[in-house]
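A.B. asks: Those protein sequence lines, which keep their order, are chains A and B.
Counting the first sequence from 1 gives a position; the numbering used here is that position plus 16.
Counting the second sequence from 1 gives a position; the numbering used here is that position plus 16.
There may be inaccurate statements among the hints.
[To be verified] One-sided excerpt, in silico: chain B residues whose CB lies under 8 Å from chain A: (1) S88; (2) T89; (3) R188.
[Claimed, not checked] List of simulated lysine-lysine pairs, BS3-like, C-alpha gap at most 25 Å: (4) A/K210 / A/K93; (5) A/K93 / B/K210; (6) B/K196 / A/K177; (7) B/K205 / A/K128; (8) A/K195 / B/K205; (9) A/K196 / B/K177; (10) A/K111 / B/K80; (11) B/K205 / B/K128; (12) A/K196 / B/K210; (13) A/K195 / B/K196; (14) A/K196 / B/K196; (15) B/K205 / A/K210.
Rather than coming from a laboratory, the hints here were simulated on the basis of the structure.
All values derive from a computational prediction rather than experimental measurement.
Think of the CB as a built atom: it goes at the ideal place given N, C-alpha and C, for glycine as much as any other residue.
These are the residues of each chain, in order.
There are 2 protein chains.
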Amino acid sequence: MMKRQLGQTDIFFPVPAALIVGGTNEEADLATIAWVGMLSSTPPIVGVSFDKRRYTLELIRKTKEFTVNIPSTEYYKETDYCGMVSGRNTNKFEKAGLTPTPGSKIETPIIKECPFNLECKVVQEIQLGDYVLLMGEIVETHIDEDKVEFVNNRPQIDISKTNPLVYCATVREYWELGKKLGNAFQSGKELLNK
Amino acid sequence: MMKRQLGQTDIFFPVPAALIVGGTNEEADLATIAWVGMLSSTPPIVGVSFDKRRYTLELIRKTKEFTVNIPSTEYYKETDYCGMVSGRNTNKFEKAGLTPTPGSKIETPIIKECPFNLECKVVQEIQLGDYVLLMGEIVETHIDEDKVEFVNNRPQIDISKTNPLVYCATVREYWELGKKLGNAFQSGKELLNK
Chain A
17 MMKRQLGQTD IFFPVPAALI VGGTNEEADL ATIAWVGMLS STPPIVGVSF
67 DKRRYTLELI RKTKEFTVNI PSTEYYKETD YCGMVSGRNT NKFEKAGLTP
117 TPGSKIETPI IKECPFNLEC KVVQEIQLGD YVLLMGEIVE THIDEDKVEF
167 VNNRPQIDIS KTNPLVYCAT VREYWELGKK LGNAFQSGKE LLNK
Chain B
17 MMKRQLGQTD IFFPVPAALI VGGTNEEADL ATIAWVGMLS STPPIVGVSF
67 DKRRYTLELI RKTKEFTVNI PSTEYYKETD YCGMVSGRNT NKFEKAGLTP
117 TPGSKIETPI IKECPFNLEC KVVQEIQLGD YVLLMGEIVE THIDEDKVEF
167 VNNRPQIDIS KTNPLVYCAT VREYWELGKK LGNAFQSGKE LLNK
């Protein structure tokens with residue numbers, strides 16, 4: 017297959033369309049961010065990159081805390097809406113029908129309607145061009161109780177039930193997951209002895 | 017819905033299962049990395065986090081260049097395999113049936129079988145616990161020519177044809193995409209005037 021060169025782009029997929037909350041249980045705002053990813057496992061650190069003008073970023077800088085909330089597909093319109101307007105003059109939670117609810121380890125709320133949520137404490141901030149990368153140590157993980165089972169005390173998250181929204185960035189498309197293909201650290205075993 | 021708390025975890029989804037190549041057209045190695053995400057749009061910088069013992073990381077440090085290659089779902093076993101073994105004593109390209117092929121802007125090859133590829137130059141490296149975050153400025157983007165159309169000279173990538181592999185990290189599951197739900201910056205418009 018021949019390839020086409022598209023030059024210097026920021027096209028990237030598949031990524032989450034995460035809802036990032038900043039602020040407190042008294043006053044919070046949220047932003048839709050596709051530039052989210054894990055940066056380390058030990059300790060678990062997640063990276064979230066904001067356009068430096070974002071209001072949610074201002075709120076996070078005050079408390080040095082934020083939450084990452086992964087919406088399910090039924091909230092793709094609300095997720096899109098939260099990336100289109102600023103919380104400076106709009107109560108986005110109210111307009112989008114999303115509910116801030118207290119976490120357990122930090123003062124920033126999580127989003128009740130999102131099945132998977134991470135509470136994070138900022139450990140580092142780096143300016144990258146027009147963007148600000150916040151690195152947050154994950155201090156708590158929440159999952160809807162009907163979407164997890166415990167086998168030998170280890171959580172097994174049901175991805176079908178969790179139904180996470182998938183985003184194709186710069187292509188500007190929201191997708192849902194289809195079917196599971198296989199398990200990691202097992203699927204590749206048949207090539208080991210090839 | 018009540019929530020269960022899972023403590024401090026590195027569970028995260030959906031993410032790419034990216035194949036990261038380091039080295040040169042003469043000698044290269046690849047690693048499967050789920051900790052990949054965009055860090056900035058202007059300039060376009062992608063972040064890739066390696067366990068600090070990875071051989072591919074050693075190769076990247078020599079040339080300060082790497083490529084990010086997004087596999088399609090038909091390569092999920094090969095992708096898994098490349099995350100299970102070290103390139104120190106195995107030619108993973110050969111065993112996995114993947115083909116390194118020259119890029120256009122750097123000396124590190126891209127992977128022919130992956131429909132979407134980014135050529136990157138390292139701009140910064142940060143140690144985070146047991147992990148090393150490499151930040152790479154994207155200098156070239158490749159897409160299989162049968163997976164893109166140009167409308168008014170702008171590329172429109174066909175995500176269905178590209179068929180990117182999706183990974184649910186720590187849950188350890190590979191998934192495929194299902195159906196497209198909507199376009200970004202359009203789907204949320206109906207909430208604007210609510």
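A.B. asks: Run every hint past the structure and note whether it holds.
C.D. replies: Quick rundown of the hints versus the structure:
no. : hint            : verdict
1   : S88             : violated (11 Å)
2   : T89             : holds (6 Å)
3   : R188            : holds (4 Å)
4   : A/K210 / A/K93  : violated (47 Å)
5   : A/K93 / B/K210  : holds (13 Å)
6   : B/K196 / A/K177 : holds (18 Å)
7   : B/K205 / A/K128 : holds (23 Å)
8   : A/K195 / B/K205 : violated (30 Å)
9   : A/K196 / B/K177 : holds (18 Å)
10  : A/K111 / B/K80  : violated (46 Å)
11  : B/K205 / B/K128 : violated (39 Å)
12  : A/K196 / B/K210 : violated (37 Å)
13  : A/K195 / B/K196 : holds (14 Å)
14  : A/K196 / B/K196 : holds (17 Å)
15  : B/K205 / A/K210 : violated (52 Å)
Comparing the model with each earlier hint shows violations of hints 1, 4, 8, 10, 11, 12, 15; every other hint is respected.
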